[in-house]
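Trainee: Assemble the whole structure, with the sequences as input and the hints as a guide.
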Amino acid sequence: MGRFHKLPLLGLVLFLGLTGSLTAANEYACSSTDIHFTRANFPKGFIFGTATAAFQVEGAVDEGCRGPSMWDIYTKKYPHKCNYHNADVAVDFYHRYKEDIKLMKRLNTDGFRFSIAWPRIFPHGRMEKGISKAGVQYYHNLIDELLANDITPLVTVFHWDTPQDLEDEYGGFLSDRIIKDFTEYANFTFQEYGDKVKHWVTFNEPWVFSRAGYDIGKKAPGRCSKYIKEHGEMCQDGRSGYEAYIVSHNMLLAHADAVDAFRKCDKCKGGKIGIAHSPAWFEAHELSDEEHETTPVTGLIDFILGWHLHPTTYGDYPQSMKDHVGHRLPEFTEAQKEKLKNSADFVGINYYTSVFALHDEEPDPSQPSWQSDSLVDWEPRYVDKLNAYVAK
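Numbered per mature numbering (1 follows the signal peptide of the UniProt record, and there is no 0), the sequence shown spans residues -24 to -1, 1 to 368.
It is possible that some hints are incorrect.
[As the list claims (entries may be wrong)] With a straight-line Cα cutoff of 20 Å, these simulated EDC-like cross-link-like pairs (lysine to aspartate or glutamate) come out:
1. K52 x E39
2. K78 x D68
3. K298 x E337
4. K195 x E206
5. K313 x D236
6. K205 x D353
7. K240 x E168
8. K156 x E104
9. K105 x E145
10. K174 x E160
11. K172 x D126
12. K174 x E206
13. K205 x D38
14. K248 x D171
15. K57 x D213
16. K298 x E314
17. K105 x D38
18. K313 x D299
19. K156 x D171
20. K174 x D86
21. K243 x D336
22. K298 x D236
23. K109 x D120
24. K52 x D64
25. K156 x E314
[To be verified] Label-pair ranges, simulated between beta-carbon atoms:
26. S151 x Y327: 26 to 34 Å
27. H56 x S330: 24 to 32 Å
28. D242 x K74: 26 to 34 Å
29. Q295 x C241: 30 to 38 Å
30. K105 x K174: 26 to 34 Å
Keep in mind that the hints were calculated from the coordinates and are not lab data.
Only a predicted model underlies this, so the values are computations on that prediction, with no experimental measurement involved.
Quick reminder that beta carbons are idealized off the backbone N, C-alpha and C, glycines included.
Mentor: And the structure:
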């Protein structure tokens, strides 16, 4: 990414105490040294919390005039891709949120990050096609219950559940028409809940949404080219190496417009807004040659984190992405660049894992993909070799 910009880092952590000794499966034992943490080990104001996504927990997909989301249709149309599961009931958070908030209170948590389901507010994706009063009231009730229990609400506006009507009408985030519709929806949530909620996330993990949904076909809407390993044979449509960049481009422009609306919202004064990124950390695998030892780290930081953080900080994509993706990477106008600059009040980080990777020297230009553009190979087969190395 080249330069560093001073932005606050929003830490939302589920911190659970773990007890018991750690021992290896073989003759070697781990250190028995106990490490104890208390709130005193963390800065004042640090938020210990929990987090969910609407589609994953709410259930009640046919209640309160909720419309279908892209994921509802995907799980029903391609059940074999989802372990034959769906979210019709999930953990029934829609009905049991008060019970769950009591559990949060017992855990002594300070915050709860949840997402608003777009089709639960606008069943058909746009205000002119109807607003679900029941859906709007549900989130008021949820927020009020959190506040009554001294738990800070942190709201994600979009966690991958595009209204199916917009998918059917123009392809969802594949079309720049989504920018206006998303901004209208986001602004509605700001105006409705902005006096109660002061921590907002426009998009959750945009690189995962774009790549997994539109480049490798692993998540809804399951689009990719046939040549993509593992998932290509299951993709019904798509164009890898192109669509993920289009989707992210439209997400970034929608984010910029939504943030502009947020900063003009009187109810939202004193609030902060940003994106929740999900970078992994990559280390060069032992099989990497010395020349490309650091390539996995530097290249993938740009392609995973810089893809969305660089534009919202400096107004444009990282130079390495421009160099490697070329004409397939959409361009911003000068006006769009200005609106994107500094369009995040904090950097949200969801962190899951670290991966060993190898430099991919000769990607096939006739079969482009996000991964081949990054010039890094992090296939699972390298994990097996790593395990053998660690066992020694």
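Trainee: Indicate, hint by hint, whether the structure satisfies it.
Mentor: Verification of the supplied hints:
A threshold of 20 Å between alpha carbons decides the hint, and for K52 with E39 the separation of about 18 Å falls inside it, so the pair holds. Between K78 and D68 the alpha-carbon distance is near 15 Å, which keeps this suggested pair within the 20 Å criterion. For the hint linking K298 to E337, the alpha-carbon distance of about 18 Å falls within 20 Å, and the restraint holds. A distance of roughly 13 Å separates the Cα atoms of K195 and E206; the hinted pair therefore holds under the 20 Å criterion.
Taken as a hint, the K313 and D236 pair is honoured in the structure, with Cα atoms around 13 Å apart against an allowance of 20 Å. The suggested pairing of K205 with D353 holds, with an alpha-carbon distance near 12 Å, which does not exceed 20 Å. Restraint check for K240 and E168: the C-alpha separation of about 14 Å stays at or below 20 Å, so the hint holds. A hinted pair counts as satisfied when its Cα atoms are at most 20 Å apart, and K156 with E104 qualifies at roughly 13 Å.
This hinted pair checks out: K105 and E145 have alpha carbons roughly 13 Å apart, not beyond 20 Å. A hinted pair counts as satisfied when its Cα atoms are at most 20 Å apart, and K174 with E160 qualifies at roughly 19 Å. Taken as a hint, the K172 and D126 pair is honoured in the structure, with Cα atoms around 12 Å apart against an allowance of 20 Å. Taking the CA atoms of K174 and E206, the gap is near 42 Å; set against the 20 Å cutoff, the hint is violated.
In summary, the hint linking K205 to D38 is not supported, as the alpha carbons are separated by about 36 Å, beyond the 20 Å threshold. For the given pair, K248 sits about 12 Å from D171 by alpha-carbon distance, which is consistent with the 20 Å threshold. With a C-alpha separation of about 15 Å, the suggested pair K57 and D213 falls inside the 20 Å cut-off, and the hint holds. Among the hinted pairs, K298 with E314 is consistent with the structure: their alpha-carbon atoms are about 18 Å apart, no more than 20 Å.
Only pairs whose Cα atoms come within 20 Å are accepted, and K105 paired with D38 is accepted, the gap being roughly 17 Å. For the hint pairing K313 with D299, the CA-to-CA distance comes to about 18 Å; that is within 20 Å, so the pair holds. A threshold of 20 Å between alpha carbons decides the hint, and for K156 with D171 the separation of about 23 Å lies outside it, so the pair is violated. Simply put, K174 and D86 have alpha-carbon atoms about 14 Å apart, close enough for the 20 Å limit, and the pair holds.
Only pairs whose Cα atoms come within 20 Å are accepted, and K243 paired with D336 is rejected, the gap being roughly 50 Å. Between K298 and D236 the CA atoms are separated by roughly 26 Å; this puts the pair beyond 20 Å, and the hint is violated. Taking the CA atoms of K109 and D120, the gap is near 16 Å; set against the 20 Å cutoff, the hint holds. Pair hint K52 plus D64 holds up; C-alpha atoms about 10 Å apart against a cutoff of 20 Å.
Pair hint K156 plus E314 holds up; C-alpha atoms about 18 Å apart against a cutoff of 20 Å. For S151 and Y327, the Cβ-Cβ distance of about 32 Å falls inside the hinted range of 26 to 34 Å, so the restraint holds. Roughly 30 Å separates the CB atoms of H56 and S330, a value that falls within the hinted 24 to 32 Å. Taking the beta carbon of each, D242 and K74 are about 31 Å apart, inside 26 to 34 Å as hinted.
About 34 Å separates the C-beta atoms of Q295 and C241, a value consistent with the hinted range of 30 to 38 Å. The given range of 26 to 34 Å is respected by K105 and K174, whose C-beta atoms sit roughly 30 Å from each other.
Going down the numbered hints, you'll see the structure goes against 12, 13, 19, 21 and 22, while the others check out.
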